[in-house]
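Visitor: Sequence:
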Amino acid sequence: MTYQQTLDYLYQQLPMFTRVGTSAFKKDLTNTLLLCEKLGNPQYRFKSIHVGGTNGKGSTSHMLAAVLQTAGYKTGLYTSPHLKDFRERIRINGEMISEPEVVDFVAAQQENINQIEPSFFEMTVAMAFDYFARQKVDIAVIEVGLGGRLDSTNVITPLLSVITNIGWDHMNLLGNSLQEIAAEKAGIIKPKVPVVIGEYQPEIAEVFKEKAEQENARIRFASEEWVLQKAEKPNVLSEYLEVLVQPKNPLGVDLNSLFELDLTGSYQLKNLKTVLSGLDELQKQGFNLNYDTVFTALKQVKTLTGLNGRWQTLSTQPLIICDTGHNFEGIKEVLENIAATPHQHLHFVIGMVNDKDSSKILSLLPTKATYYFCKPDIPRGLAAETLKEQAEKFNLQGTNFNTVKEALATAKQNAHSDDLIFVGGSTFVVAEIV
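The opening residue of the sequence shown carries number 1 in the numbering used here; numbering runs sequentially from there.
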């Protein structure tokens, strides 16, 4: 098969959560373990960091990878979903896996695919682990797909586990309380493997403490270890987010200084704390990480790792910004950034998927905005007409469109030079315009 035929095969023949939803989610690790066994268990042949959580795990993974590759380590990075190119999911030192590698892997695994019948995600995880092992990476940063305990990535034994935070997302699969969701996410905590929890949330902190105690794993809460002060700048469209970092406690790393992040959303302050605590743990394990390395890496995460869609400015005349935040907590962070961005009128291009609790998100959105409702181009996409009807219950007024690009084009026509156009509501909406 050609590369495109291979992709079509993966998308059409293997159940894919991002396209069809819960029917593609396998609540056990059997298929992944079988695939890995057929491949000679590549997950045991490279060092790794495991990153889970509800929000921020993608940015955190990319920042950790950027620092490690800047420090000279051959660094694998596995993330999901992709925005434009399937190969974004599997990178080494920022370079995507090649098209021939993808074609050859799928061709070689045809018999195993027919026998095991894996999901799209299970197959992709096996591909990534096999690639990292064969390429002899020094370390790989592995982002959890969904949950933790039963996620396909949870067959590794990492040097470090990271859980950014817990929020309301995928309740139909993970549980109907934050405690239940936290218990699923805590499933990546391994025996004697240190764990960094990004945010101390009083209502669920004990879930992590108890799991860490069971596993004899050292636990720390990054939000309690660092004081971050954002530099006040008159130009909100600055290329960098300047942050003064001060440790609350002596952590063995001299990071009491200024950082410039090319990821400019204010929510990156939370992720930065998580990253700093994670780097401190890695340094304790012998990794050569210093301030200059960290400073250099954080200033060019997007360039080093190819990260897109996080409070990303697409245009300045008029100002167009997109963000992949798509659940209750993620949209709250987005709205804080919108409120901090000077503008006359807000034009909100929004689309969602059909298995999310849209009412929670719609209840947050400002009524003094013009909405452009659209459907992301995936089977799970929520019909624009349906989204518009749901939004009207919250006094959100606008028009529905057949495509994301049509919605954005109309917003551009309507916006004045001092207005703000925001595009989001779903990762898959952003994927169509970045």
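No lab work stands behind these hints: they were computed from the structure.
One or more hints might be untrue.
[Claimed, not checked] Dumping the calculated BS3-like pairs for lysine-lysine here, alpha-carbon to alpha-carbon at most 30 Å:
id, residue 1, residue 2
1, Lys-388, Lys-368
2, Lys-368, Lys-393
3, Lys-27, Lys-209
4, Lys-230, Lys-47
5, Lys-332, Lys-284
6, Lys-405, Lys-388
7, Lys-136, Lys-84
8, Lys-299, Lys-136
9, Lys-299, Lys-368
10, Lys-136, Lys-209
11, Lys-136, Lys-302
12, Lys-192, Lys-230
13, Lys-27, Lys-192
14, Lys-412, Lys-360
15, Lys-405, Lys-393
16, Lys-74, Lys-284
17, Lys-74, Lys-38
18, Lys-47, Lys-388
19, Lys-38, Lys-190
20, Lys-47, Lys-299
21, Lys-284, Lys-360
22, Lys-209, Lys-192
23, Lys-190, Lys-47
Visitor: Next, verify each hint and record whether it holds.
Guide: Now the hints, each set against the structure:
no.: 1; hint: Lys-388 to Lys-368; result: 16 Å, holds
no.: 2; hint: Lys-368 to Lys-393; result: 15 Å, holds
no.: 3; hint: Lys-27 to Lys-209; result: 24 Å, holds
no.: 4; hint: Lys-230 to Lys-47; result: 34 Å, violated
no.: 5; hint: Lys-332 to Lys-284; result: 35 Å, violated
no.: 6; hint: Lys-405 to Lys-388; result: 17 Å, holds
no.: 7; hint: Lys-136 to Lys-84; result: 27 Å, holds
no.: 8; hint: Lys-299 to Lys-136; result: 27 Å, holds
no.: 9; hint: Lys-299 to Lys-368; result: 35 Å, violated
no.: 10; hint: Lys-136 to Lys-209; result: 34 Å, violated
no.: 11; hint: Lys-136 to Lys-302; result: 24 Å, holds
no.: 12; hint: Lys-192 to Lys-230; result: 35 Å, violated
no.: 13; hint: Lys-27 to Lys-192; result: 25 Å, holds
no.: 14; hint: Lys-412 to Lys-360; result: 28 Å, holds
no.: 15; hint: Lys-405 to Lys-393; result: 25 Å, holds
no.: 16; hint: Lys-74 to Lys-284; result: 19 Å, holds
no.: 17; hint: Lys-74 to Lys-38; result: 25 Å, holds
no.: 18; hint: Lys-47 to Lys-388; result: 47 Å, violated
no.: 19; hint: Lys-38 to Lys-190; result: 24 Å, holds
no.: 20; hint: Lys-47 to Lys-299; result: 25 Å, holds
no.: 21; hint: Lys-284 to Lys-360; result: 42 Å, violated
no.: 22; hint: Lys-209 to Lys-192; result: 13 Å, holds
no.: 23; hint: Lys-190 to Lys-47; result: 14 Å, holds
Of the numbered hints stated above, those contradicted by the structure are hints 4, 5, 9, 10, 12, 18, 21, listed in ascending order.
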